[in-house]
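Residue numbers (the numbering used here), protein chains in the order written: chain A, 238 to 1034; chain B, 13 to 376.
No lab work stands behind these hints, which were simulated from the structure alone. Here the structure is a predicted model, which means the values were calculated and not measured. Quick reminder that beta carbons are idealized off the backbone N, C-alpha and C, glycines included. It is possible that part of the hints are untrue.
[Unchecked claim] Beta-carbon label-pair distances, calculated as ranges:
{"hint": "1", "chain 1": "A", "residue 1": "751", "chain 2": "B", "residue 2": "361", "range": "25 to 31 Å"}
{"hint": "2", "chain 1": "A", "residue 1": "751", "chain 2": "B", "residue 2": "113", "range": "45 to 51 Å"}
{"hint": "3", "chain 1": "B", "residue 1": "361", "chain 2": "A", "residue 2": "387", "range": "34 to 40 Å"}
{"hint": "4", "chain 1": "B", "residue 1": "110", "chain 2": "A", "residue 2": "1006", "range": "40 to 46 Å"}
{"hint": "5", "chain 1": "A", "residue 1": "718", "chain 2": "B", "residue 2": "334", "range": "31 to 37 Å"}
{"hint": "6", "chain 1": "A", "residue 1": "398", "chain 2": "B", "residue 2": "239", "range": "45 to 51 Å"}
{"hint": "7", "chain 1": "B", "residue 1": "238", "chain 2": "A", "residue 2": "718", "range": "33 to 39 Å"}
{"hint": "8", "chain 1": "A", "residue 1": "986", "chain 2": "B", "residue 2": "361", "range": "49 to 55 Å"}
{"hint": "9", "chain 1": "B", "residue 1": "162", "chain 2": "A", "residue 2": "705", "range": "25 to 31 Å"}
{"hint": "10", "chain 1": "A", "residue 1": "254", "chain 2": "B", "residue 2": "361", "range": "34 to 40 Å"}
{"hint": "11", "chain 1": "B", "residue 1": "239", "chain 2": "A", "residue 2": "288", "range": "56 to 62 Å"}
{"hint": "12", "chain 1": "B", "residue 1": "135", "chain 2": "A", "residue 2": "737", "range": "37 to 43 Å"}
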Amino acid sequence: MNLSMKWLRDYVKAEMSIADFARGMTMSGSKVEKWTDLSDPLKNIVCAKVTAIERHADSDKLWVAQVDVGDGKTVQIVTGAQNVTAGARIPVVLEGGVVYNFHDGTVMSIKRGKLRGVESQGMMCSYNELGLTLEDLPYADTDGILLLDNDPEADKLELGMDMLEFLGIKDIAVEFEITNNRPDCLSVIGLAKEAGATFNLPVDVKKPVFKGVDGDLNLKVKIENKELCSRYMGAVVKNVKIAPSPRWLVERLRASGVRAINNLVDITNFVMLEYGHPMHAFDKRYVEGDSIIVRNAAENEKIVLLDGEERILTAETLVIADAKKPIAVAGVMGGEFSGIMDDTKEVVFESACFDGVSVRKTAQRIGRRTESSARFEKGIDAANAENALLRALELVEMLGCGEVMKTIIDEDFSNKEPVKIKFDSKNINAILGADIPESKQLEILEKLGFKLENGFIIVPSIRIDMELECDLAEEVARIYGYNEIPSTLPRVTSQIAPAPELAFEEKVSKLMQGLGCHELMTFSFISPKSYEKAGIENANSVIIRNPLGEETGVMRISMLPSMLEVLARNYNNRNAAGRFYEIGTVYLPVGNGFNRSGAPTDEKKILCAGIYGDSESFFTLKGMAEELFEKLGISAKFMPQGANKSYHSGRCAEITVNNEIIGVLGELHPLVLDNYDINTRAFCAEIELARLFEYSVATPKFKQLPKFPAMTRDLSLLCDISATAGEVGEIISASAANLEQLTLFDTYTGAQVPEGKKSLSYKLIFRKKDATLTDEETDKAVVKILRALENKNITLR
Amino acid sequence: MTKKAIAVIILEDIERIKESIMIKETLEKIEQISADTLAAIAESVSLDAVNDIRVKILGKKGELTAVLKTMGKLSAEERPVIGAKANEVREAVESAIAEQMSRLKSLNYETRLREEAIDVTLPGKRVSLGKPHPMSNVLSDMKEIFRAMGYTVVTGPEIEETRYVFDMLNTKEGHPARDESDTFYIENDVVLRTQTSSVQIRTMLENKPPIAIISPGRVFRRDEFDATHSPVFNQCEALVVDKNITFADLKGTLETFMKRLYGDSVRLRFRPHHFPYTEPSAEVDLSCFKCGGDGCSMCKGEGWIEMLGAGVVHPQVLRNCGIDPEVYSGFAFGVGLDRITMMRYEIDDLRHMYENDLRFLKQF
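Kindly produce the complete structure, drawing on both the sequences and the hints.
The following block contains the structure:
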């Protein structure tokens, strides 16, 4: 909402500085976004009179004029304009002044100078050098200086007077951000009332009056759908004279960001801005059958709107129709053919109340949101419909643009019962935690237009947001000042136990950072195509019905595509190496029901790690995983997994705990890397956080430190090249007595190892809890291990 | 005196003479060993050489030990003479060895330190740690502040039913926030939550007051991804419901929170605003971190930065959750973590936070 300060001051004498005004309004709830001095940067432009003019001695085109600029001062101006004659009154920008450049609209400062040797001490101005249009100044010469003698208000001119003031350019437009609950503030009068309450100033709004003429209306109105139209008021203006609006009206429209068109159209816009109630005017000659019917459209009924486009309507759409056809889409836009033309003779003014939700849906359906529909959407006051219509009629008479018929049609089915709210100052203080005296509370409420009657606050109908005691509390508080209310700290004690999963997540996050990984935050939605790119088969995702684009079309069921994007971006940004992790959510469809915790989908947290770089390998990532598991007290196994299409079939492991698969880890499949343009090896792990949490040991129990010495043996074994270290290790562990620790420290193939074989070297540490282990006992254990290995064709090297 | 007796006496004399000769020789030998050894110790240049001397002289088979072994042959009167001398020499040798050892050791240290000197300005060998995402830093701070004030951290589903995201929060059918242009829809009644207030509703449905929670998490709005907007962002909301909770409590809580987050010099400004789920509602501005309120480019000259939305929980919302508004009241507020993070670290483009370039992530 753009507010003209000049217009506001028609109703309330808000004479404080604009900064103080903005601050005050903001702090009482009408937030000022910014303000614009509309005359800026124009400067030093006065009314002047040409006293003498003669041709420039050295030019065919230029003239040299002597110009009286008031106060008995005369300046010499050289001009190229051909429409200036002696005696003409014109706007002149003096030395040091600023206007817009005639050609390109840029800002131009005026300096004293010489034109072909003749001194010029200023410049005569055309309309566009003053930043105005022909709509503002219909009489202006498009190709010359603005001749003020043609101005309808020429009688008010005085030499030397500030032209910015005279032409109505001197104003400040204040841009407000009005909250949804206060459509009444989308109007000059609404804001005037707010300003009055805020600054404790009287507000002078009179009920508009018109005289009217007698006569037959020749118009009937019928509301067929009273649900969607609770009130329809109509008035007829005869002998219409379409003309430009007067300056005071045009300048107020301009400051509000609305272009002037003609007096009739301008009146509807003016009233909408002033009262906040949308109005419509149409040419009565196109209303067939002299009747207006407010009804739902027939399915597929057509109308061409004022924007020139044809719309095909649905049966839900409320239209204003004549006997034969729709002439407007209710609350949104009028039909093209019934719009006001230059030859319009008879006009119907409509001021009605349409249902907000219906208007909103209609505006959406026909793809056109207008100033009018935006206001209806937020809610309309039926009483205000009348004020708006009366004001329009008053303006018609004031502007002399037609004869208003005395009879007004008013089909009114609106609820007239005012909202009443029980008033108890103690309750208001209890909500606020303040101690505002009752008298002060009532003073504030009365300033805002509320009345106290028998213990109830009577709400003015324009305040459609008011309903409950808490609404009154806000009214009192915002005028009293939010910042005047004390600050207290409540003693809160939450009875809700914190979820241990959250603390666990924080712990895992810290461990991952300890392992050198940087935390990521990636989008939860991905492209449905990214599954194939990442080698994920049969992906069944939750689909977003209205995504921003295909790139963000589905909710991810895997963290891998997000991680791959990050790895690819970093690789392509020439980061030579990186370690990353994210504990992110994946979203698994659960069909038509809900998951166990009552959510529409199954949301799971996945710990996803991704690494690449010269010193990274499958085993660095596996080592990180092992370290993480150890720190969480989890003993996990890694089993070869060749079937996962995201990963290298020979370099991928399933992670299992207690025979349950909790994740996967491996080198990414070369095809996947190619798909993401990652020209280096990269490694990822995906682990379900809930499973980690389940198997982790939050509170490990103390184990006695060893009291007796250990025995150590190294074994170099020869086994089939296909045997895995995991299998060999398990044979050893299963057959060994008193084995405390088994560490593989070397694997070898090559010279001295037969073809088809490999060598695995282990360090074994034996220890007894309760006694010193002897050499003999240790040797015996080793013999047993070797025998078990021999059964599997694994021999000592 | 018989001849035999005389012979015995002579023999005894001879023995005595012999002994006295032996004593003399032994003493001389000991003297010799002492002199040689002390000289050798003084000349020795390594700890090993000193140690060799010790073994050679004082060891089981050492020279001094060998001499002492002959003492068995001496008479009871003479043994102490040799013994005393031998001990005297042993002590002298031992102390000389100790002295020489310590001298050599300190010489060794000096040499070692001199020879092993390095260029300490060469770079270190690093074990690199990863870092939390900048937004996590802010969230950690918030969690800590509120946990210390007695709040519980609660989370909930991101794909959520409209009744929890909208209906029960007084955001009725037809409210612009529910438009398909603003909210991502999965189905007519299932959306990507636009605020974590849905967690508040779930919490109120499942728990009786007193309630004091914060609910951090991801939220989604249909905004194109640019320098200041993201379709995915992070919020942290708070809710307190108990008897006699007031607007003043909301003010006090926010002031405490912001002062703990940004330091005691920060000032808050409450402005009236509107939310369907709170009444009275407020928007809260913070004095600009950069200029402290004087006005600068960060606060666009206003001295204040819009920070969060807050209010007293609307009685209908409480009622929707089975809480009697005649008995209980509450307040709620929500902050955008992305915004706070950007301001804290002076990050000028929101996209950095979701693009995850390592050069960005390493900084926080």
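Hints versus structure:
no. : hint                          : verdict
1   : 751/A with 361/B: 25 to 31 Å  : holds (30 Å)
2   : 751/A with 113/B: 45 to 51 Å  : holds (47 Å)
3   : 361/B with 387/A: 34 to 40 Å  : violated (54 Å)
4   : 110/B with 1006/A: 40 to 46 Å : holds (45 Å)
5   : 718/A with 334/B: 31 to 37 Å  : holds (35 Å)
6   : 398/A with 239/B: 45 to 51 Å  : holds (47 Å)
7   : 238/B with 718/A: 33 to 39 Å  : holds (37 Å)
8   : 986/A with 361/B: 49 to 55 Å  : holds (53 Å)
9   : 162/B with 705/A: 25 to 31 Å  : holds (30 Å)
10  : 254/A with 361/B: 34 to 40 Å  : holds (36 Å)
11  : 239/B with 288/A: 56 to 62 Å  : holds (58 Å)
12  : 135/B with 737/A: 37 to 43 Å  : holds (42 Å)
Violation of the numbered hints given earlier is confined to hint 3; every other hint is satisfied by the structure.
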